[in-house]
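Could you build all of it, start to finish, from the sequences and the hints given here?
For the protein sequence lines, the chains are A and B, in the order given. Taking UniProt numbering, the leading residue of the first sequence gets 1, the next gets one more, and so forth. Taking UniProt numbering, the leading residue of the second sequence gets 1, the next gets one more, and so forth.
Please note that the accuracy of each hint is not assured.
Where chains are identical, the list cannot tell them apart; a pair therefore holds if satisfied intra-copy or between any two copies.
[To be verified] Within a straight-line C-alpha distance of at most 16 Å, the following computed EDC-like cross-link-like pairs (lysine to aspartate or glutamate) qualify: (1) Lys454 <-> Glu426; (2) Lys134 <-> Glu27; (3) Lys22 <-> Asp100; (4) Lys80 <-> Glu179; (5) Lys435 <-> Glu421.
Hints listed in this document are in silico derivations from the structure and should not be mistaken for laboratory results.
Now for the letters of each chain:
Number of protein chains: 2
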Amino acid sequence: MSKKLTSRAEDYSKWYNELVVKADLAENSAVRGCMVIKPYGYAIWEKMQAELDRMFKETGHQNAYFPLFVPKSLFEAEEKNAEGFAKECAIVTHYRLQNDPDNPGKLRVDPNAKLEEELIVRPTSEAIIWNTFKGWVQSYRDLPLLINQWANVVRWEMRTRLFLRTAEFLWQEGHTAHETKKEALAEAELMNNVYATFVEKFMAIPVVQGLKTESERFAGAEETYCIEALMQDGKALQAGTSHFLGQNFAKAFDVKFANKEGKQDYVWATSWGVSTRLVGALIMTHSDDNGLVLPPSLAPNQVVIIPIYKNEEQLEAITEVVNNIMKDLRSKNISVKFDNRDTFRPGAKFAQHELQGVPLRIAIGARDLENGTVELARRDTLTKEVVSLDGLVDKVEGLMTEIQDSLFNKALDFRNSHNTEVDTFEDFKKVLETKTGFISAHWDGTPETEDKIKEITKATIRCIPLEGKEEEGICVYSGNPSKRRVLFAKAY
Amino acid sequence: MSKKLTSRAEDYSKWYNELVVKADLAENSAVRGCMVIKPYGYAIWEKMQAELDRMFKETGHQNAYFPLFVPKSLFEAEEKNAEGFAKECAIVTHYRLQNDPDNPGKLRVDPNAKLEEELIVRPTSEAIIWNTFKGWVQSYRDLPLLINQWANVVRWEMRTRLFLRTAEFLWQEGHTAHETKKEALAEAELMNNVYATFVEKFMAIPVVQGLKTESERFAGAEETYCIEALMQDGKALQAGTSHFLGQNFAKAFDVKFANKEGKQDYVWATSWGVSTRLVGALIMTHSDDNGLVLPPSLAPNQVVIIPIYKNEEQLEAITEVVNNIMKDLRSKNISVKFDNRDTFRPGAKFAQHELQGVPLRIAIGARDLENGTVELARRDTLTKEVVSLDGLVDKVEGLMTEIQDSLFNKALDFRNSHNTEVDTFEDFKKVLETKTGFISAHWDGTPETEDKIKEITKATIRCIPLEGKEEEGICVYSGNPSKRRVLFAKAY
Ligand SMILES: [Zn+2]
Ligand SMILES: [Zn+2]
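In structure tokens:
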């Protein structure tokens, strides 16, 4: 354990970067913009995957796997999608290395092993998947096609940050095909709901569900649903998106089906995804100046038990009690780790588990054995209490729920107190610079105004909230009429 | 369902290719040598992953994730490893596309977006991982490092076959670092054992554990443990490998640690992997001329129930009974699917589930309801029996074990009857051409003899079996002295 973290107040961005590394979540690699996800960080991602995968299957989806590479001719087939990703993709041009005659022991690209057609490392898989769907769909009987893929994708981002924006990241991408526009729209909404439920229930992060404006939509989508969360520095983070793709990909890849009347029609599509970026959102929402704070639902270890002992005899007596506690906790599906390493002192262990955000710490020493007690310490509130061994397991079980709820409510309070309605551009700019957070304002619906506001303030329209009501008003920037408020914020 | 499969006797290779496609397991993609793993095939892989992942964690390993790309300078650092993979790797040279001025609407590689250093798409991750381990290991306290990664890798194979050999494949790769040679060797053996247990217990495929000869070893390894299985056509298939890497990677990437005496030493390494190739082994071992045969342990659906009805009323009465059966089966952790699609007739459903290898089919009609019976059909033996609803769940539970054991024993009988000791080269060639299978023969231990035998017969040394005993003999090819028999076979 090296010296303390930079505080959030001092430098929020530095605090985040240090925390990710010191809590052993991830680190930069030798490949520009690509990260190494360390075991502790990966364990959080695995827990996210397990819950999401269950939710996808419960809503009728099946997993499959499609190639990493997209031939250039397929990549460019859907023009808007291609345009959106062309400027940031890794391209395979050769398939062999050879010994470098000028540098003994070194290799160079074999100029004779040039591909006839370049391969794009997938930045997203619509093209390769829709080219495949063509063979899978003939009749309405083959629909809906409800497919999900867990995969790595590559987008050649110029400015990267661990978890939040990396050249390679892990994600899931759902790709579905439907008979009607209505069904496809319902699917896109359903999956945005699944994301909202997951992020609120498991990540303890409140989200706003909404629609993206045209300029913020996924390249090739006709409508993009999204969930937007608010970080502690008052910046928004897009946590998931679900796209209604219309018939764009069906037309680009000629995917038709015979409907019930026997007529040929193009199918309707959706795609939706969340990524390892969610780990970044989780870190930024709940953590504090002491380190990571994890909601029990996603903590690799929900409870850590630390023995305080002076000799082998005491450790043995403590271990006996701890074994019973662990058995009981596990029978309640509470994950627990007994940190009995003899290479570290209790203080160092306390510090490590605090930094790594274990929701609940139990310390147990010789005195506790005599009294039939243990010391409980909550990571979220940093409070401690001495409790009786009797009823400990029920107490811990209750605390898991309490901590989970408390984290959500704290984040919700923060979000609600950083959601400001403004009616003038002066107020808009002032709130953005001082209070930060979401700004609910009238907008005239034009990309020109959206651009101007972004240029002047760096705030973008995060979404047109689904729950927003119609309300006559005038655009905060142009003064033109507007029918509803939209959410602005600076964003990750 | 199109026409029947080619039979194994007619053309084993064609039978395999047709089966993979018709049973909806996988198909070729638009990318040369890369496959699409379809939902049914992926569901089998997911079941394999779940069991293996559990076994890795039970033996103390943690998952992590490392970059897809390996900078060329790291790739070439361990010379033997680099040499082994240089001729078959995909190379990223550019990071941007641009509009092609000569072809409106088309894209081309942007010549101004050339990477300073080329990136190799990982064919295996030793290089990038050992470059990372360098930062993780300082003292003996940091060891052992027991890491596993689930990932996609790319090897530019010229001749590919679905699951068995594809340019991109999915796998897991374990990478561990240890204080001593002894510990690293023990780890390599342990993981080979884990593979053997998994393949025998869950895949119902008997394996021989052994060591590879020098020429068959993994590039960069000092010793390669492996498990070898025998397919129905008498060819061997390497199902998993576990490598003792000595200090080769530690030296190439300068990974040293302070030992308990405070002295600096290089760490000792292992790596081990199994891949989607296992799905190919599973298919080829158990399936028959009617299609796929799956062991219950890995079947996405262990039981399928098909209603036979003439009207809505009958279907309702059947559904009521089926719902109870399903509830009871699921309470015993038996996965069951009720195929009540009204778009297919029972005969078509029977054919589909037979082709897809569902271990047990239950058919239930109006007559059965009267008699309190159902019809059970086993996929492995193709036998049917009418049984009482009373005790059905116990019966099914017993059959799951019986089918699993029966598949293993059948494969074991085949393997044992295709394992021939030969003492002359004439017999060697004769057995290889007629009886096929493993040939146990004396070999003089030289790569020259190994090469010659391969050149003449296409048989390779699959392994030096761990269970083989010392035995004086003379090499079947050279006549020189030999101390033990090794296993030869033609192989996938
Ligand atoms: Zn939004
Ligand atoms: Zn072997």
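Against which earlier hints does the structure fall short, listed by number upward?
3 and 4
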